[in-house]
Amino acid sequence: MSSQAIFSVSGLTKRFAEGEAEVLVLKGIDLSMTAGEMTALLGPSGSGKSTLLTILGTLMRASGGTHEMLGVDLMQASEAQRTEFRSKHLGFIFQFHHLLSDLSALENVMMPAASAAGRETPAMRERAMELLDAVGLPDRRNYRPSAMSGGQRQRVAVARALINNPVLVLADEPTGNLDRQSADQVMDLIRSINQTMATSFLISTHDEHIAAQCARRIELLDGRIVQS
Amino acid sequence: MSPYAVKLAIRHLLSHPGQTALLMAGVALGVSVFIFMSALIGGLATLLTLRTVGSIPHIVLEMPDRDPVTLSPNAHKQVVRQKDLSRRDQIAIWQPVIPIIEQTSGVTAVSPQIRGSAFVERGQTVVPVGVIGVMPGKLSDIADIEAAILDGSSNLPADGILIGSRLARDLGLRVGQVIRLSSDRGRVRSFRIGGIFTLGIAGADRQTVYMNFTTARALYDLSTGISRIEIKVKPAIDAADIAERLRRSTGLKATAWTEDNAQLFEGLDAQARTGTIIKAFSLVTIIVGIASAMLLSIVRRQSEIGIMRAMGASNGLVVSIFVLEGTLIGFIGAIVGAVTAWFALLPLPPVTEVSSGGLPIDPQQGDFLLAITLTTLAATLASILPARRAARIDPVEAIGT
Ligand SMILES: Nc1ncnc2c1ncn2[C@@H]1O[C@H](COP(=O)(O)OP(=O)(O)O)[C@@H](O)[C@H]1O
Ligand SMILES: [Mg+2]
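Protein chains in written order, with the working numbering: chain A, -9 to 218; chain B, 15 to 415.
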């Protein structure tokens, strides 16, 4: 495991305008992760986990502080640069699978790569099949999301997050919508991918059981890291 | 337009066959209305024109009027040439003009005529009529008299005459009877009624008689000249232009039928405008239909669009997916509508044979290509705004983490 940081933020703040008032949701976050790390982001609901993941994922800009990843200053980068950066280096898993209902499992896995390239290529198809094998769904390639169980869909979403070989996958309560058994399957899967592909994961959860499966844990409370 | 956008657009349409079919059916209906209106308005114009100009000359050539002419306008004295009444209105040298007319493009028939008025006398009754002397073989060039013969034949020997059905009824005349005609030049001759015709035009059926060209000459004291040249052209609607060309090439006064039928012209124009409005409405309906369907679809698929945006899809990709979807719905719907309209209009009788009460629909004037093109364009336009709205969806909000 390399000890070099893949991203680092310091003094990161985020405020939302709430009508007249302003709400400070992140109150100065200092955090970095190294390649291959698997980190749990713990915290009660409303503590700012999703906001932090969204900012780290370049889907939203921070209000203040620094945000750097792979040598790129993401605070200064343009929107187009951030979009390109996102599709190259970052993967996402959400609480709800958000698979495209018109596409098969295989096509859903290819979607992030095909969107960026403007077409589906044989290489993408190959890689997507490998990933579906890796998440244990080789026989569900041509199934539509509606024909799969919740756990299966979330595994397809995991495979989709990996199609562009991201350095870091941001997972926002990836098991929040699953039963215990499916949740454990998804976590086993994430752990094995973390070990075999050396992909870093930052996984938000309010579930100790999930956090216990991660090598490192960070606790967020009211917009501040209380334990790292 | 990336292949991926094409794939996703088609995939979405195929994944919701019911909704897609319904939308396309709506477009097809609009297109059918468009085509039907074009064919009806066009057919109606053709029919009215045919009915109006079928039995009348499209252009009449006569000697120019010799009206009084002011030669030198001056405040103190005025020099005016008087109307010349010493000569008769006749085209004296007409033979050389005929080939010039015949070679003018658009001209389909040329009929030199001798015209005059006369009185038909029968017992104590005297009825004024208009005499038309036509050259052999040219009897039916202007009005199809041969087809309009009710009784007798259309042959015109030197002492033969054809009279209209109303005149025959008014005077109790039948084929084979002899009548006396006195011309306005004071000549009187007896004629044997060879045939009775009916054109369905009251004036003609009551007041027109046809006779041999040579006989008419004698009746009107015209040794070489003729009264007028009547012309048919195709298409009849171009008569004014052709008349203008003939006026320049022959030096004669040329009057097109359109000058005397301004009302019909206005009617046709109003009809065409009504048609345009109905067609515009069918296009607007298509635009509103597609735009609202696209907006609904985008609201429903908000989170899917958000996830695509989050995972690297550009604005352009999202816009092209939705514009393509709308365009495909429009294009395929238009084709379906056009084909349906084609088969629906196919069995209709030609406009010329339409029975009274039937709609004169001319599929030839259905503007099929225009309908397809405009509809596809309208569909594209209709989906641009919704598509841009889709591209503006904020992934974070749409995913709702
Ligand atoms: N777009 C927003 N506008 C205003 N307030 C927001 C917005 N997003 C999140 N918040 C607020 O920020 C706080 C943290 O939210 P979030 O990051 O979703 O927490 P968590 O994911 O830990 O439950 C909450 O109080 C929430 O109401
Ligand atoms: Mg959250």
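Because the hints were derived from the structure by calculation, they are not lab data.
It is possible that some hints are incorrect.
[Stated by the list, open to error] Chain A regions said to be covered by chain B (calculated; three or more residues, Cβ under 8 Å): (1) 2 to 14; (2) 42 to 52; (3) 82 to 95.
Beta carbons are placed, not taken as given, at the ideal position from N, Cα and C, and that holds for glycine.
Taking the hints in turn, this is what the structure says about them:
| no. | hint | result |
| --- | --- | --- |
| 1 | 2 to 14 | violated (count 0) |
| 2 | 42 to 52 | holds (count 5) |
| 3 | 82 to 95 | holds (count 9) |
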